[in-house]
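K.L.:
What follows is each chain in one-letter form.
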Amino acid sequence: MASALPTFTKIGKVIRLNRHGCTNRPFYHIVVQKTKDNQDGPVIEQVGSFDAMPNSKNEKLVALNFERIQYWLAQGAGLSDPVAQLLGLSGFLPNHPRTLIQAWKNRREPPRERKIEAIKGIAPPLDNPKL
Amino acid sequence: MADDVTKKQKKLAGNTLFTHFIMFGSSGSRVLNVINISYLQSRSKRVWVRKPLGSPMAKSKIFRITPKPALPEDEKAEIKRLFDNYKNSMKSIRQYFFEQSLKQAESGEVAQTKHRLEDQEHEQLVEENRLENEKTAMLREEKLKIQAEKTQQNVLASLIKKEGEAKLHEIQIEAFLTKQMCTPFIQAENIEKAIEDALANPVNFNFALDLDGYIYRGKDTSIDTIPEEKRERLSRN
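Protein sequences, first through last, are from chains X and R.
The first sequence begins at 11 in this note's numbering and counts up one residue at a time.
The second sequence begins at 15 in this note's numbering and counts up one residue at a time.
Calculated directly from the structure, the hints in this document are not laboratory data.
Hints should not be assumed to be uniformly reliable.
[Said to hold, decoys possible] The list that follows gives simulated cross-link-like pairs (lysine-lysine, DSS-like), each with its CA atoms no further than 25 Å apart: (1) Lys115/X <-> Lys65/R; (2) Lys23/X <-> Lys101/R; (3) Lys46/X <-> Lys82/R; (4) Lys101/R <-> Lys44/X; (5) Lys115/X <-> Lys94/R.
As the structure is a prediction and not an experimental result, all values here were calculated from the model.
Next up, chain R with everything else stripped away, as it sits in the complex:
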């Protein structure tokens, strides 16, 4: 029974032992993930990707100890030196190629034609701009002229108005002044006379008014004592 099993296993060894797993990766498919469909059919050779992670170690490999390749120190040093030099040269070469490509991009035919076209376009646009500016300048001039005239007229009108107002004001001032001068101000000469007059004619501010318009002067006046005909009527001054 055991022999049969081993024989079967050996027979299958030519194919894959792990029939449940898809280990070979073909372009377009993801191995051991959900998606195992390639949308583009390819009949290329299957490429070994890796052994499935859960699978056990092969019996022939369990007790294998791989011989570690131990290089002598000087050989290692030589290898390191060679690689360092190579890396340095490669870096500089790549940098050089990059700079060359930039230069070529600037000076090449394509770039030159591009520059030429750009310059042409620039000239055209500048010309267009100039024409446009001229047009707008004309319009602006006209507008400004009209505005200037308007402002001139406005200014004139306002000046005239102000003049009129000033005159009116003057007249008013004169009237006021004359009125003020008419009022009897007490000057230094008149003062004695004014005092004498004031003393001689005391002003009594006590009075009462009636709804009918009659005025009763004096504090101690009784209405009954004055007969109807002699009642003073308050008139507007």
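Isolated chain X (complex conformation):
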């Protein structure tokens, strides 16, 4: 959430996801950028990565540099929603409401049809194949 506190002036920098990778195979860099720049524009610092495609063990790998993230948050950088969610899931920040909202919505709705079979691995099989 790119929220500016009344005590902080907006420094114009955001921590957000930059899409790299190829077609139908996204790979995100978690990155500190100026708000004005495009997603593929100049980057101030890379602060992690997020692989949206689950691997052979059915894991979605996330890397986060907590020290640098803390530094930038202290400076007054904003957070985008997905990054805030990831940080909440990792335990660095409180859980984002969106995680909980998505969870109960998923529980409610019926599962959708999938072309690709779900991979079975270390992580327990998902009871809601919507994810």
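Position chain R against the provided structure of chain X, taking the given hints into account.
P.N.:
Showing chain R alone in chain X's frame:
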């Protein structure tokens, strides 16, 4: 004819219908403004910016009514509660991080080395200042000594001068006083005598002067009556 047109349109639908407009924005270019040049070449994916403002609504979308997602009240309340709590925690976390960063800035290595260097510099400067002060103090002392001597001499000279003047003044006063005493003041004893003398010798202030320096006393004196030899000459007293 109409079928051909629609077919053509459908064929072009895969590409863009609006060939006159540049809707896709790539990094570095401004869409629909004059400047559409990117100075830095980027081969990244084109990003959809927005539909041109003057363009008409698509035929498939004219009569579309989007279903408004109506959430139940309790769900809305729950969502609001969650977000409020999250915002509160985030605010406090950010504040905490900020304070931590300040503390770290003060106590960290860089800050400590900086403080140390500053203290060293301060000491050096203080020492320099002290030496400089001493130098100037010496010079000042000498100057003051010379000045003191000068002033002493001046004072002496002036005193002597004043003494001399005072003496002169005294002498003058004495002379004046003696002169005054010489003048015949009329005292209480002399008054009768003075009156008698004044009555006996009236002073006639009527006189006339000649350019040659001869004086003719009296109001009623005629010049013709006095012979040349007996003319009184005015002399300087």
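K.L.:
All the hints need checking, so say for each whether the structure fits it.
P.N.:
Comparing the hints with the structure gives:
About 32 Å separates the Cα atoms of lysine 115/X and lysine 65/R, which puts this hinted pair outside 25 Å; it is violated. The straight-line distance between the Cα atoms of lysine 23/X and lysine 101/R is roughly 19 Å, inside the 25 Å bound, and the hint therefore holds. In summary, the hint linking lysine 46/X to lysine 82/R is not supported, as the alpha carbons are separated by about 32 Å, beyond the 25 Å threshold. Proposed proximity of lysine 101/R and lysine 44/X is supported: the alpha carbons are some 22 Å apart, at most 25 Å.
For the given pair, lysine 115/X sits about 16 Å from lysine 94/R by alpha-carbon distance, which is consistent with the 25 Å threshold.
In this structure, the earlier hints numbered 1, 3 are contradicted, and the remaining ones agree with it.
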